[in-house]
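Student: Join the two chains, each given in its own frame, into one complex according to the hints.
Each chain, letter by letter, is given below.
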Amino acid sequence: MSMIRKAIPWTFSGLLMALLVILPGAAPVSAQDLLIRGGTVITITNGDLPDTDVLIRNGKIAEIGQNLTAPEGVRVIDARGRFVMPGILDSHSHMGIDRGLNEGSRSVVPEVRIADAIRHDDPAFFTALAGGVTTIHTMHGSANTIGGQNEILKLKWGRPWEDLLIPDAPMSLKLALGENVRRSSSDNPTRYPRSRSGVAEVLRESFQQARNYMAAWERFEADRAAWDRANRRTRGLAPLPPKRDLQLEALADVLTGKSILRVHGYRADEMAMVMEVANEFDIPPGVFEHALDAYKIAPEMARNGWATSVFADSWGYKIEAYEAIPYKMLIHYEHGIRTSINSDSAERVRRLFQEAARGVKYGGLPENECLKMITINAAMDLGIEHRVGSIEVGKDGDMAIFSHYPLHTPARVEMTIIEGEVFFDRSQTHVLATWTQEPEGGEERP
Amino acid sequence: MPRPHSPRDRWTFTRGMLCMPVALAILILLSPSTLQAQYEGRVYAITGARLVTLAGVVVEKGTIVIRGGLIESLGADVVPPADAVVMDGDGLTVYPGFIDAFSQAGLALPGGNNREYAGNLAHRLASEHFKGDSQDLPEYRKQGLTAALIARSDGVFGGQAVLMNLMGEDVASMTVKAPVVQVMGYQSQRGYPGTLMAVVAHQRQTLIDATYHDMLLTRYREAPRGMARPPADPDLEALLTVARGEAPILGIVKIENDFKRLRSLARDHGLQFWIAGASEAFRVSDLLREAGAPVLVSMDFPAITDVTGYQFDRAYKNLTDEEKKALDERDRKAVHGNAAAVFQAGVPLALATGGMSSPASFLKNVRLAVEAGLPAEEALKALTLNPAKIFGVADVLGTLEPGKIANLTVTQGDVFTAEDAYVAHVFVDGRKETFEKPRAPTAGGGSGMAAGSWALSVSLGGEAVAGTLELTQDGEAVTGTLSVQGQRLDFTGTILAGALEMTGSIPDLGSATLTATIEGDRMTGSLGLGPMGSAALTGTRTPGDGGSERRAGP
Numbered sequence: 001m002s003m004i005r006k007a008i009p010w011t012f013s014g015l016l017m018a019l020l021v022i023l024p025g026a027a028p029v030s031a032q033d034l035l036i037r038g039g040t041v042i043t044i045t046n047g048d049l050p051d052t053d054v055l056i057r058n059g060k061i062a063e064i065g066q067n068l069t070a071p072e073g074v075r076v077i078d079a080r081g082r083f084v085m086p087g088i089l090d091s092h093s094h095m096g097i098d099r100g101l102n103e104g105s106r107s108v109v110p111e112v113r114i115a116d117a118i119r120h121d122d123p124a125f126f127t128a129l130a131g132g133v134t135t136i137h138t139m140h141g142s143a144n145t146i147g148g149q150n151e152i153l154k155l156k157w158g159r160p161w162e163d164l165l166i167p168d169a170p171m172s173l174k175l176a177l178g179e180n181v182r183r184s185s186s187d188n189p190t191r192y193p194r195s196r197s198g199v200a201e202v203l204r205e206s207f208q209q210a211r212n213y214m215a216a217w218e219r220f221e222a223d224r225a226a227w228d229r230a231n232r233r234t235r236g237l238a239p240l241p242p243k244r245d246l247q248l249e250a251l252a253d254v255l256t257g258k259s260i261l262r263v264h265g266y267r268a269d270e271m272a273m274v275m276e277v278a279n280e281f282d283i284p285p286g287v288f289e290h291a292l293d294a295y296k297i298a299p300e301m302a303r304n305g306w307a308t309s310v311f312a313d314s315w316g317y318k319i320e321a322y323e324a325i326p327y328k329m330l331i332h333y334e335h336g337i338r339t340s341i342n343s344d345s346a347e348r349v350r351r352l353f354q355e356a357a358r359g360v361k362y363g364g365l366p367e368n369e370c371l372k373m374i375t376i377n378a379a380m381d382l383g384i385e386h387r388v389g390s391i392e393v394g395k396d397g398d399m400a401i402f403s404h405y406p407l408h409t410p411a412r413v414e415m416t417i418i419e420g421e422v423f424f425d426r427s428q429t430h431v432l433a434t435w436t437q438e439p440e441g442g443e444e445r446p
Numbered sequence: 001m002p003r004p005h006s007p008r009d010r011w012t013f014t015r016g017m018l019c020m021p022v023a024l025a026i027l028i029l030l031s032p033s034t035l036q037a038q039y040e041g042r043v044y045a046i047t048g049a050r051l052v053t054l055a056g057v058v059v060e061k062g063t064i065v066i067r068g069g070l071i072e073s074l075g076a077d078v079v080p081p082a083d084a085v086v087m088d089g090d091g092l093t094v095y096p097g098f099i100d101a102f103s104q105a106g107l108a109l110p111g112g113n114n115r116e117y118a119g120n121l122a123h124r125l126a127s128e129h130f131k132g133d134s135q136d137l138p139e140y141r142k143q144g145l146t147a148a149l150i151a152r153s154d155g156v157f158g159g160q161a162v163l164m165n166l167m168g169e170d171v172a173s174m175t176v177k178a179p180v181v182q183v184m185g186y187q188s189q190r191g192y193p194g195t196l197m198a199v200v201a202h203q204r205q206t207l208i209d210a211t212y213h214d215m216l217l218t219r220y221r222e223a224p225r226g227m228a229r230p231p232a233d234p235d236l237e238a239l240l241t242v243a244r245g246e247a248p249i250l251g252i253v254k255i256e257n258d259f260k261r262l263r264s265l266a267r268d269h270g271l272q273f274w275i276a277g278a279s280e281a282f283r284v285s286d287l288l289r290e291a292g293a294p295v296l297v298s299m300d301f302p303a304i305t306d307v308t309g310y311q312f313d314r315a316y317k318n319l320t321d322e323e324k325k326a327l328d329e330r331d332r333k334a335v336h337g338n339a340a341a342v343f344q345a346g347v348p349l350a351l352a353t354g355g356m357s358s359p360a361s362f363l364k365n366v367r368l369a370v371e372a373g374l375p376a377e378e379a380l381k382a383l384t385l386n387p388a389k390i391f392g393v394a395d396v397l398g399t400l401e402p403g404k405i406a407n408l409t410v411t412q413g414d415v416f417t418a419e420d421a422y423v424a425h426v427f428v429d430g431r432k433e434t435f436e437k438p439r440a441p442t443a444g445g446g447s448g449m450a451a452g453s454w455a456l457s458v459s460l461g462g463e464a465v466a467g468t469l470e471l472t473q474d475g476e477a478v479t480g481t482l483s484v485q486g487q488r489l490d491f492t493g494t495i496l497a498g499a500l501e502m503t504g505s506i507p508d509l510g511s512a513t514l515t516a517t518i519e520g521d522r523m524t525g526s527l528g529l530g531p532m533g534s535a536a537l538t539g540t541r542t543p544g545d546g547g548s549e550r551r552a553g554p
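The listed protein sequences correspond, in order, to chains A and B.
So for the first sequence, the working numbering puts the first residue at 1; every next one is plus one.
So for the second sequence, the working numbering puts the first residue at 1; every next one is plus one.
These aren't lab readings, by the way, just hints derived from the structure by calculation.
All C-beta atoms, glycine included, are put in the ideal place defined by N, C-alpha and C.
Treat the hints loosely; a few may be bogus.
[Unchecked claim] With beta-carbon atoms standing in for the labels, derived distance ranges:
| no. | chain 1 | residue 1 | chain 2 | residue 2 | range |
| --- | --- | --- | --- | --- | --- |
| 1 | A | Arg159 | B | Gly270 | 25 to 33 Å |
| 2 | A | Gly65 | B | Glu290 | 42 to 50 Å |
| 3 | A | Lys243 | B | Glu433 | 51 to 59 Å |
| 4 | B | Arg289 | A | Gly65 | 44 to 52 Å |
| 5 | A | Ser314 | B | Thr218 | 55 to 63 Å |
| 6 | B | Lys325 | A | Lys243 | 55 to 63 Å |
| 7 | B | Gly270 | A | Leu237 | 22 to 30 Å |
| 8 | A | Pro366 | B | Gln485 | 49 to 57 Å |
| 9 | B | Glu139 | A | Leu237 | 55 to 63 Å |
| 10 | A | Asn58 | B | Lys324 | 30 to 38 Å |
| 11 | A | Gly65 | B | Lys324 | 38 to 46 Å |
| 12 | B | Arg488 | A | Glu162 | 37 to 45 Å |
| 13 | B | Arg488 | A | Gly305 | 56 to 64 Å |
| 14 | B | Arg289 | A | Asp223 | 42 to 50 Å |
[Said to hold, decoys possible] Computed cross-link-like contacts, DSS-like style, restricted to lysine-lysine with a CA-CA straight-line distance of at most 30 Å:
| no. | chain 1 | residue 1 | chain 2 | residue 2 |
| --- | --- | --- | --- | --- |
| 15 | A | Lys243 | B | Lys260 |
| 16 | B | Lys437 | B | Lys364 |
| 17 | B | Lys324 | A | Lys156 |
| 18 | B | Lys432 | B | Lys177 |
Bound conformation, chain B alone (with noise of 0.2 Å):
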């Protein structure tokens, strides 16, 4: 039972006494788990904030009370209780939570020869595999992220995403909502489907299933003498309100054809649709508008060379270098457009991590995305109150408001403008955890250091192989030779904000990429070989080395 702290809450406590049968009935109701989301944790007021929140003005110096899990009161002339922890706000801005719309945070799915067959997992919810003290979730908050959509993506009907707060004692107390959304991707399965043809036929007729398995239901509900009853399944069952059109289904699509594929898939079975991932949305913004579902998209940045269309405007074509760069230039600024794409077409935009090897580069590139067309105060509502209205909790989350859950992002700094902008502070339903800033870069400028010698490990036929790779830098274009396995290939590429993407190529072989996201002197990244697939790579910074140019001497 909490202990009272202040006359209000000795208030609250008396009041609760006097409506002892309401307050029984509630317990009653309420699980254990969600009592201490409610009660537990300290009460906190952070003054002399810049508070937005997207709820009426900014309060451009304000306080913000947090109690209980909720947020309790805020605005200019809110003074802290006496039962609070105040923090100096001074300098610090204060958002709603962001939700990461799209995400595999927390999930541990079982790999290797215990991989579970997700062809139809309808019935089965994320959280089933979510762990409320994976090691990741830390790294997840670090980005300011309070709250995530959990889908698992290696399914074609995967199971039912359900919105997780990202901090808490165990997963039942950090469910927010479950289920939200059923989810359908292009993942092939180990048997059937095995192929991306596959998974569309099988996609199709699991549709067909559940109509026919509704009517037999129906019909068996009307008049069951007579009539055989039909099997109970589960997961068809779990797909009814999607086959009649009633519920919308997530559809995790990649590429510009993915799209085409699920649009075609609804329309031929009268789905309601929500898309994920989208990371060509720019190269169909004219279907967007059209299909008018909401996007959430991914900022996981694909290397141009894999967005469908590279070779249009580059195959057997006679382009000097000049015309090249632009080419890269123009795809690049295309990549990092994709989410002002979505927005742009005027449909509900919502930000996420779903496909990122790392949350680590999260901000960043949501930086590099408003930096590339996307409006700040749209990025803002991408990460809060649009993916709060799509996920059906805008009552509970998205805003700044009293009462609502007290998931706040607190950044020192613009993170949507300011590189050197991080986040200061997260707290989710109340619980208050605090970052370090991040340290600079090895070297000045805004792009990062990719210059000097590289110790790789290289991921080759499931073998780590050791290689170098030897890399000068002139502001943002980077030259360098990658050795591995005796073999010496060139590249050339750009730095741009800690991501480096290269282009080489193989004799005989044709094209290959190096991307990588390099932090200090670590750097993580895949080697794409062409036909070949591609090949994990991670890579330390030799030290005491200065660089290639300075290795030319004996």
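So that you can see chain A by itself, here it is in the shape it has in the complex (with noise of 0.2 Å):
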């Protein structure tokens, strides 16, 4: 807020010299302007740079380099001794969703969408601010085979919640396999699937119906085409369109590669099933979720070109999870298969970079490669990364500053900036605060 206040008359003199002076590339100063200065840039996608400045102009990066000068009014950070990364995108995540997260009533509801749903005001956002985040993919819960459409939101805290949106982000769709599908229908007496071959079954119904549902616009089209063409007086009555399926289209949204599939899935043998399937929809290959089995499969996995977005080294913690080994992200990585590292919950979010650290702990991954399942492989599961997940020119001015470098035990965030604006400054906060409050609903059972 201060730093708008400090903004504010800057604004007003870089508008009366653009208007009276004339002088060419004087911008005004926006509240959206930063300066960096002096950090060690990990930019991800290039290396790490030390003793760097990032510009940030209107919320985009307008430059990396050294000595940097920026326009006068701009705020400057002192980043020198510090770290400068992405910030960090968490893949999987139930926060900030309001009055419910399954729509259990029924096994398929694509037409559901968390965007209708959205608690901005969550004071988990705050807390996930604190672990460096600065974007989220929340989604619909795991009770469904076809859940709802899921949202990308930037933790804008403070601001009303259609600021907190991607406008060009696609669209995805959960989807749900094995155990939790299973137990919310036996919760149902009326509800189906209730096998791990009833999913599949519903999977494959559920697409065919939305193959009809395409096909009969195409031939509604075709027909009208046709009548608008046709002898006015001799056509008879237009052709009537078939009716709007706000359920159909959403899944048609996937057949066409508009809307990217998200699959919460534990064990190989159900992967493998949906990855069949799309290959029979001629679904473009999507995330699975958790994927705790994914390495009994990972060379078909990368053949099919599904990526995966996975807890570090969660285990045993229910039947489906049992052979799951921390060793997985080490396996995907071999195998070309993209990984990111998720939270899944309110909690977890904070530290998802010390979540990154597993990787280098078990099987001695590279750091870089550990980082990037915490920005860019994120970002490429939510298509996305062509605005955030690395710190390059063009790009979202989305930065966590770290005291050290981030897998480094001792490490934690500063500062976290959102297009240029700083929304986490840990010197003004209370960060020992007992005052908590949980989400609601912000968790689910894994």
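Tutor: What follows is the structure in structure tokens.
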């Protein structure tokens, strides 16, 4: 806030300069301008750059280099001795969802949208910012074979919810397999499916219906075009369109590749089944959530182009999770399977950088590969790697400034920046306060 | 048949005899209950009262005459007719009867396992579940409310709201206008939609279905031959005018984001809308101004801890107690100033009880709204003329004018500004009800008295658990300790006009809230336990106890 206040007079004088003096290139200073001076910049995609400045203008990274100058009035943050990395992305979250994250009444509900139920004043957003997280993918729960449409949020704490959305982000749709779907069905005696094979059948049936729906619309468009061309006197009544069906539209978006599949899956056989169904319907590869047993079918997964979004080292917490291993990230890496590390939790989201460090501990993954799993890989899961996930000119000015190298034990986040604005500043914050409030529905049994 | 009382009545009667064919026709057209409403009841004349007509100037000392359920005449020079029951109105103010613009008064919905699925009940009238002899109606009238827009609030498309007079023989004769408007809410259902996100999806698909149904019906009317007959669907058919944007839909919204949900649905589907509830209207006043839609503001003030953005200013901030107190004060003012914000946004404003657990604090909250910036004359309009216009009944309600329905609210003192003012009488369809002056609060001071030992009953997990609450008070500031199930929780807060609002914290769980309305030695309210939800509580002050200070001794 104080930044905005400081920026306001400069906005005016900048405008005056532009209007009266007509200085070429003298763009007015905005609240989304920032110069981060002298840190070690972990670009993710272009190595680590010591003693480097990053200039953000209008929320976008404008320059990366040494001894950069910023127009007068732009806030300068001294990051000497500190580490500047891209804002962390949480590829699988359930934060900020109001009044229920599982529409468990039916097993197929792709028409529901998380975007319709955002609760943007969830205090867990602030604790996530304190962990350097700038973007979350907040998802429908795993009670349904086909859950709802997920949403990507930037954690702009204090802003109205529509400011948190990324306008050009692709859609994504949640599917779920295994225990959670079966368990939810057993709570509800009329719900189908109640078995793993039933889940496969429901998937095929649903995508077939979506195909039929698309075909019906194509037929209608053709009939309508023919009717438009036909003789006005003899052509009769206009053909009737099919009824719009939001459920089938959401599934059609998957078939046309507009919406990315996000599949909650643990067991290898079930994930293999989904890849088979996807191939049958020409659905582009998506992302397996948790994917505990993916290491068992790593070659198949790599061949099919699916990615995974995993817990770093959780296992054994339920039957499906007994055969998970912490070396999976290494195995995925060696097979060329893109992997992100997610929190699935309003608590773990605060320490995703420590989760990433486990990739070094188990099997010795290269440090930068570990950091990719909470930045660019997650951005690719979401289809927003053109905006976030690395420090590159033209990308969003989303950064986390760390006290130490982020994978080093004492590392902590000093400042979190979204599009050039500071949303977390440790020096201004009472982080040790006992004041906590668990988010409503922010957690789900994994 | 009415017995002639006066020359004037006799004249009317004779003229009726002369015009028998016309009278017969009218008799056939009108139902018996309508006749009853017109002819039953006494003739009243309130003399020497202040008449706030909302049609022309205020008559400082005048007489108003009620006959046959209608206002017959009023003015400074009106002489009470010979057959009238004359009431001395000295010191009384007569207003047009207050209208509760969004209400669940008298609604008896089937509960428990019989709860109705209310995903789409668009063809049903709320009056179906309205009980004319419901126990709660006198409580509404005691607040000066003579008519109410009755709407069920448990639906997604919850049916059609109706305007009812709040006293009368039966539902048919109490009905002023039915239907008034379709109602849409964000209430999840048993089964689908069971979550907010599915509620919105259901709203969207239902409107698409209605539009499609409309197209099929039109087509079938034009050229039925060769076309499969569209199946009858009364609920979709009741939504056709809404889906076409010809009739408004009344959206029940609570928090800031509900407004945005409603606005985006309306934009996508070309809907006209009104807004009911709207307890966070002050957070979106720009949107209201832009939408220009009427807002039926509930006088159910949310606890400030429940208002969107409460955490923005407080979470993990280094705040002193003074700063915290100032923030709380600011937020409380904003909550009370909600109706004022709607007025300032320049959109039609009406006031309502909708969402209040009891109407008992309605007028008190109206007064707090006035205190927080709503001009008193606007508050009055928001209870009379505005809702009458919004609901399309301004020709029969909303002002004191001859020929209008004899709904009057008669007060002792100015209920919009004075704490000791009260509703002395109401007239509904010309029927009179008189109320006694409410007894003064237990202790002096404008804020009411919270201090003392309270025996509580808290419903935790469907079970009533006994507890105690010890409160000490310094002016409006209240501190206290709640003991329940061996747990002790400390709270601090305020009492303002009988409304107790306190916050505290539970170790390892987060913040807790205690809100209650205190009337005399009784309190009713709720205990908010953060993520664990909230629990209703009731309490009585333990007699013979002067407050917890004196209990310090052995």
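Student: Hint by hint, note whether the structure agrees.
Tutor: Hints and how they fare:
Remark: the range hint 25 to 33 Å for arginine 159 (chain A) to glycine 270 (chain B) is upheld by a beta-carbon distance near 29 Å. Checked against the given bound of 42 to 50 Å, the beta carbons of glycine 65 (chain A) and glutamate 290 (chain B), roughly 44 Å apart, stay inside it. With their beta carbons about 53 Å apart, lysine 243 (chain A) and glutamate 433 (chain B) fall inside the hinted range of 51 to 59 Å. Between arginine 289 (chain B) and glycine 65 (chain A) the Cβ separation comes to about 47 Å, which falls inside the hinted range of 44 to 52 Å.
Taking the beta carbon of each, serine 314 (chain A) and threonine 218 (chain B) are about 58 Å apart, inside 55 to 63 Å as hinted. For the pair lysine 325 (chain B) and lysine 243 (chain A), the supplied restraint of 55 to 63 Å holds, since their beta-carbon distance comes to about 57 Å. The hint said 22 to 30 Å for the Cβ distance between glycine 270 (chain B) and leucine 237 (chain A), and at roughly 25 Å that hint holds. The supplied range of 49 to 57 Å is met by proline 366 (chain A) and glutamine 485 (chain B), whose beta-carbon atoms lie about 54 Å from each other.
Against the hinted window of 55 to 63 Å, the Cβ-Cβ separation of glutamate 139 (chain B) and leucine 237 (chain A) comes to about 58 Å, which satisfies the hint. Evaluation of the 30 to 38 Å hint for asparagine 58 (chain A) and lysine 324 (chain B) yields a pass: the beta carbon distance comes to about 36 Å. A beta carbon spacing of about 45 Å between glycine 65 (chain A) and lysine 324 (chain B) agrees with the range 38 to 46 Å that was offered as a hint. Taking 37 to 45 Å as the suggested C-beta distance range, the pair arginine 488 (chain B) and glutamate 162 (chain A) conforms, at roughly 43 Å.
Taking the beta carbon of each, arginine 488 (chain B) and glycine 305 (chain A) are about 59 Å apart, inside 56 to 64 Å as hinted. In this structure the hint that arginine 289 (chain B) and aspartate 223 (chain A) lie 42 to 50 Å apart at CB holds, the actual value being about 46 Å. Distance hint between lysine 243 (chain A) and lysine 260 (chain B) is fulfilled; the C-alpha atoms sit about 27 Å from each other, no more than 30 Å. For the hint pairing lysine 437 (chain B) with lysine 364 (chain B), the CA-to-CA distance comes to about 15 Å; that is within 30 Å, so the pair holds.
Proximity of lysine 324 (chain B) to lysine 156 (chain A) is assessed by CA-CA distance (about 23 Å); at most 30 Å being required, the pair is judged to hold. Of the pairs offered as hints, the one joining lysine 432 (chain B) and lysine 177 (chain B) holds, with about 21 Å between alpha carbons and a cut-off of 30 Å not exceeded.
The structure fails none of the hints (numbered hints given earlier).
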